[in-house]
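These protein sequence lines are chains C and W, in that order.
Be aware that the first sequence starts at 1, since it is given in the UniProt record's numbering, and climbs by one per residue.
Be aware that the second sequence starts at 1, since it is given in the UniProt record's numbering, and climbs by one per residue.
Since the hints were made in silico from the structure, they are not lab data.
Careful, some of the hints might be misleading.
As the list claims (entries may be wrong) - From the structure, some residues in chain C lie toward chain W, with a derived Cβ separation under 8 Å: (1) LYS4; (2) ILE42; (3) ASP46; (4) TYR104; (5) LYS106.
As the structure is a prediction and not an experimental result, all values here were calculated from the model.
Where is the CB? At the ideal position from N, CA and C, for every residue including glycine.
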Amino acid sequence: MASKQQANWSPYDNNGGTCVAIAGSNYCVIAADTRLSTGYSILTRDYSKLQQLADKSILASSGFQADIKALQKHLSAKHLIYQHQHNKQMSCPAMAQLLSNTLYYKRFFPYYAFNVLGGLDNEGKGCVFTYDAVGSYERVGYSSQGSGSTLITPVLDNQLKSPSPLLIPQETEAVDLVKDVFASAAERDIYTGDRVEITIVNAAGIRREYAELRKD
Amino acid sequence: MGKVSAAIDQGGFNFDLCRRNEMLMSKSGFKPPTYHKTGTTIVGLVFQDGIILGADTRATEGPIVAYKNCEKIHYMAPNIYCCGAGTAADTEAVTYMVSSQLQLHRQATGRESRVVTAFTLLKTHLFGYQGHVSATLVLGGVDITGPHLHTIYPHGSTDTLPYATMGSGSLAAMAMFESNYKKGLSRDKGIKLVCKAICAGIFNDLGSGSNVDVCVITKGKTDYLRNY
């Protein structure tokens, strides 16, 4: 019995990687590993999956990096137009809505991008928005997307007490938690490793840190 | 009284469920159960006094690391060891089975096992299963006739080589071998080269990782250097 003919070319590829973001009372931590891979090979150990879209919004995306580059360019262009028209930067919640609309616009040929948007809202409080590939989003206290997300989310749930009122950590605690969580993910997920790039957004601006991970 | 069907006693693989599986997969996107693959780097080389085998220690189940420190260099006989890549259960089962056959043979003949014996037993078994036993092996040992190194593929074909690499990391490892191998290497140089090759696999192949296991086989002595 002959089986159905299937297309043998796919427009998508998965470049792997993991993204995490944690929102605090007056800061936001957004992090992603720096490994870019395809199949069983590593393309580079030094690829940034983070993109600053506005002065208080940072997008972390894992998935198909070509689609992600196109998405980032699209959002940056839209943001520039907004700045011309409104004479101010887009707020993080506004950027969140824009990202959702942009993703849904391609509902029937989606961007293969798993996004986490982090930053400060209009009141200066940390905010994290988590997305699926077609634009469904939600404001949450913390989130993880990508190949290591299934390993990281349970740990964050445990440490940040998801069901009951959110246990909001101090900025240094959040950064340490992110480093630990990536170290664990790198042990068990083959697509996560090399280095983790951590950005911390607070009232003073944006700070960047790096932590080394397993390279195998 | 009807004739009792003797289908159950035929032995070998029963492929009756294949049609059902095919239908399930095409209709409802049913995913078959996954199994541990060793997604591996395994190597072997002939040096001046015998054979050196090397392997990484990561076992993967899809994109997840199932076992960080598994043993991929399997014992066949005191003077023969075998590295295995492919499905972990298959490599363990086939090497264990041939290892016990060799022991019985040693009892019967009263002699040290020869590499060609293990070689023939393995390739005959794998050929009989027509590639369904997904075991890719690097077999090495030193017997009365000298050092031997062989590679065995799941369908039963084989090669006899002075240096060999197998597994998903084989290209990275072979790159090291092809540029640095020389005939008649000393023990230290041989171990260093094997480590270099496995490390190339560990760092450049996502299916390989963790530690390096090395096994040095010479006439009369075998050193299993676990987590070198």
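Indices of hints not satisfied (ascending): 3, 4, 5
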